[in-house]
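Asker: Listed here are the chains, written in short residue letters.
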Amino acid sequence: MSDIHNLSAEQEPVIGDKYELSDMLVVKDLKMHFPVTKGLLKRQVGSVKAVDGVSFNIKRRHTLGIVGESGSGKSTIGNCLLMRCRPTSGDIIYEGHDLKNVTKHGMRAMSKDMQMITQDPFASLDPRMDIQAIISEGLEIHKMGSKKEQEDIVIRMMEMVGLNPDFRHRFPHEFSGGQRQRISIARALALQPNFVVCDEVVSALDVSIQAQVVNILMKLQEELGLTYVFIGHDLSVVRYISDDVAVLYLGKMMELTSSEELYENPLHPYTKALISAAPIPNPTVDRARERIILKGEIPSPINPPKGCNFCTRCPQATERCFNEEAEFKDVGGGHFCACHLIGGE
Amino acid sequence: MSEPILQVKNLCTSFIQEGGRELRAVDDLSYDVHEKECVAIIGESGSGKSVSAMSVLRLIPYPPGIIKSGEILYKGEDLLKASESRMEDIRGSKISMIFQEPSTSLNPVMTIGNQIMENIMLHTDLSKDDARKRAEELLTMVDIPNADVRLKDYPFQFSGGMQQRAMIAMAMCCNPDILICDEPTTALDVTVQAQVLEQLNNLREKYNTALIIITHNLGIVARYADTVKIMYGGRIIESGTADDVFENPQHPYTIGLIRAVPRLDLPRSRGLQTIPGEPPDMASVPANSCAFAARCKYACDECKTKRPEGEMISDTHYCACPRRELASEERKEVVVH
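Listed in order, the protein sequences are those of chains A and B. Per numbering that gives the first Met the number 0, the very first residue in the first sequence carries number 0; after that it's consecutive. Per numbering that gives the first Met the number 0, the very first residue in the second sequence carries number 0; after that it's consecutive.
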């Protein structure tokens, strides 16, 4: 924590009347456009609008779930939050610090406080490092503790995620997918972060192992007071772990509300389709449900539709939807939705 | 019910590892498939579900894989005794298969059209022009717009969902009796997954094709499956109609598996049940024990030394757990509407 507060000497905190203090992270109109170049001179001919104007707040010790299909920009948001890619425009304010103004050096200090767990437990662990080295790498980079202290932390972290600490000198290939994901969690938490981005952490795991990992993440949140951004494509898992859920489509937010409200009262046609497509392992319930089958697939983010991003697949689209962008607005009680058909004049 | 079109009887498939250790991937597996039936085979990675399907088409690489014993009767004919040329007639024509990763099953340097036509011309006497017309019909059938133009596209020009639909079109080219789908929607987005499943179901209704869907996702089959088989450690541990298995699960593994799936329609406060431990390494499970015993909270010494006897609970419902009564409390919690 202390390093974070040292930073305020370098820059003025922006916390004022503008932002509630309970919000750990405030994101305002975040845009991330990647240039598309062509030819020898790398002339820019267009841009991939991966994230195109997204705003949200995250309260301390809460979990924001971000759900979307592939190409919706959900991982890009995660990368922007940790400044792994510099946003094209927009503000990310973490604990009062505008990350735009934080230097590379400052970002390294902050990275102790902000960590990420990624999807593929096979690609994200160096096969030539043993578990001890993997988990303590961050501690070494930040020069935290002596060798002995680091080893103690590794042992404690492994116990915390339910791994036998005696295995700390083994290599990643000796572990199964679920165990590797636990190693990733231990590595991220070894630096005692407050904020963790979980990017599709359970997507590659079997059902019974997925439940184990989800439960570990929730237990650790409770014990360590963590704040999560939980990114996923499976609405049932995301809703299960999150306090609030944001539905993302083609770089824009379609709906944002508490996870209870999202299932009980979904407003956006895309959210409704997602809910109806999420399988329920009970034939009586599943056969009785209305099923919305969307036509086609998510359009290219290089060339998004002119009006509402969802208009090409929306079963309820009107002429207005094809011409005019829908504003992302509060439709009552903190339930945000971007649809012309909802809460309109 | 009519005669089954496919009967798998006591199938055992093993892989011989280095040092001669035998890994029993499929261990005494039996099931029937009837015309137009949708059979779901559910299991986690390493449960032998894919190997069992590959065995039906004799696609197990030898060595190291070997089908040790059993019968696979397709309309009364034992495929394990059939000649290789007879198998070539059957594969892709009478029994087709689609795989999990459409991008790796399609040939990247051949147009979609040529790949579909290749299969048509292999199994029928159609001329090249007629085969092209048929390929166009098939692509239209799986809802790919502008089929005549898209035939000239290469796989990379198709999205994941379209690639999988092209695979379905290819598999359906000779109106097969049985379509085996190995994790057909695992790599796809939820909304596309729903499209593909609906498509498969429509084809089944229209062409009376029986479907064998292999998946680790319990949810996707609840709606479509007629019969459900739960596999663990190379064996079927429970089977029955979808209602039997999902609404009245008997085996502690089935119960645990259903409770491990987060359900959108139930409050979050319900909690996620987990099954402790990891899926077994098949090479280390003794033949005369229950494969689930190491993870089962109701296991006794007998479970570890004796292979559990299966029994029929009703006409359709089979379960291989003698101690299933002990799980009655947990069972009640599964059945929530």
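A hint or two may mislead.
[Said to hold, decoys possible] If we take Cβ atoms under 10 Å as the criterion, some of the chain A residues that face chain B in the derived model are:
{"hint": "1", "residue": "V44"}
{"hint": "2", "residue": "S175"}
{"hint": "3", "residue": "G176"}
{"hint": "4", "residue": "L234"}
No wet-lab data here; the hints were simulated from the structure. Glycine included, each C-beta is placed from N, C-alpha and C at the ideal position.
Asker: Can the hint on V44 of chain A be confirmed by a CB-to-CB distance to chain B that is less than 10 Å?
Answerer: violated, 20 Å
Asker: With a cut-off of 10 Å, does the beta carbon of S175 of chain A approach a beta carbon of chain B closely enough for the hint to hold?
Answerer: holds, 5 Å
Asker: Was the hint right that G176 of chain A lines chain B, CB cutoff 10 Å?
Answerer: holds, 8 Å
Asker: Going by Cβ atoms only, is L234 of chain A closer than 10 Å to chain B?
Answerer: holds, 6 Å
In the structure shown, a violation is registered for the earlier hint numbered 1 alone.
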